[in-house]
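Participant: Construct all of the structure, not just a fragment, from the sequences and the given hints.
Be aware that the sequence shown starts at 0, since it is given in numbering that gives the first Met the number 0, and climbs by one per residue.
Don't take every hint at face value.
Below 30 Å or equal to it, Euclidean Cα-Cα: the simulated DSS-like pairs (lysine-lysine) are [stated by the list, open to error]: (1) K162 <-> K199; (2) K128 <-> K65; (3) K199 <-> K149.
Estimated spans, in silico, between C-beta atoms of each pair [to be verified]: (4) E281 <-> I97: 23 to 33 Å; (5) E268 <-> W213: 20 to 30 Å; (6) D142 <-> G257: 25 to 35 Å.
Bear in mind the hints are in silico, worked out from the structure with no lab data behind them. Glycine included, each C-beta is placed from N, C-alpha and C at the ideal position.
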Amino acid sequence: MEVVADVPGVGQNLQDHLGVYGLTWTIPNTASLASLFDTSALDDYVMYKEGPYSAPMGDYGSAWVKVMGGGDPQYPDIQLYLSPTSFHGDHGLFIPYIYGMDQMKYLSYYSQIFGQTGFTLMVSLLRPKSRGTITLKSSNPKDKPVIDPKFLSDKEDLLTLAKGVRFALQLGETSALKSQGATFYNKAVPGCESVAHRNKYFICYVQHMASSYWHPAGTCKMGPTTDPLAVVDDRLRVYRVSGLRVVDTSIMPVIVSGSTNIPTIMIAEKATDLIKSDWDVEIDV
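Facilitator: Here it is in structure tokens:
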């Protein structure tokens with residue numbers, strides 16, 4: 000494989016919003032993921048625009064909170080997602096595969112509440128300090144790259160998520176949720192039984208139940224020429240390569256503190272303006 004340009008920052012600085020899944024509450028008289036497989040639910044939506052198909056199935060609500068001390072108190076480090084599709088809701092058909100959880104561990108943990116409706120609070124790390132890499136496996140372009148996110152390699156990430164889990168549990172104990180009959184499923188996660196009633200349990204919980212939020216960013220970071228890991232300049236042009244730009248979340252030096260969808264659209268819209276400007280095309284405002 001011929002090297003066109005040696006840009007050492009490519010594939011470095013990988014960041015992601017690591018999420019902690021599985022914090023589940025049972026609650027009576029609500030819809031669940033399993034209800035989507037009921038044909039009557041489809042009829043309700045087609046005929047009356049009612050039922051579980053009429054609601055967003057991802058997140059019902061989000062909250063940005065700061066759980067670690069120090070710094071600006073208005074600068075959140077955790078995002079909470081309230082998901083109506085509880086983690087136990089599909090009886091293990093899809094969820095353990097989606098989140099990379101061992102199916103046998105999933106079944107041993109959640110089988111006691113199969114058939115019960117509920118919700119899940121998910122905890123996302125907004126400002127990860129851990130940095131991973133994406134590298135080539137070999138000189139064969141058909142080989143998949145080696146992706147090493149190095150999740151939790153920085154201890155502060157682990158502590159922040161553990162505090163985020165504590166905060167989520169406190170939220171689940173509020174009168175607003177208790178009045179609806181919400182009951183936390185407090186069975187110890189397999190592998191953490193020995194510390195189930197100690198502070199270390201939350202650390203263990205994060206280590207067993209954390210997974211990617213699918214927001215990879217940073218591997219072609221924008222920066223000045225003095226930064227050895229910079230890949231693109233302030234016009235998204237790749238250093239030492241002519242006619243090549245990068246237009247996605249990989250150009251972020253530091254990942255945004257929220258979903259990457261809208262920021263990616265913004266980056267793309269800005270890129271169109273930059274390209275038009277380079278070609279002296281009038282930009283509509």
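Participant: Decide, hint by hint, whether the structure agrees.
Facilitator: Hints, one by one, checked against the model:
The hinted pair formed by K162 and K199 meets the criterion: a straight-line CA distance of about 11 Å does not exceed 30 Å. For the hint linking K128 to K65, the alpha-carbon distance of about 15 Å falls within 30 Å, and the restraint holds. Our distance criterion of 30 Å between C-alpha atoms is met by K199 and K149, whose separation comes to about 21 Å. Distance hint check for E281 and I97: the Cβ-Cβ separation is about 46 Å, which falls outside the suggested range of 23 to 33 Å.
The hinted range of 20 to 30 Å is satisfied by E268 and W213, whose Cβ atoms lie roughly 22 Å apart. The hint said 25 to 35 Å for the Cβ distance between D142 and G257, and at roughly 34 Å that hint holds.
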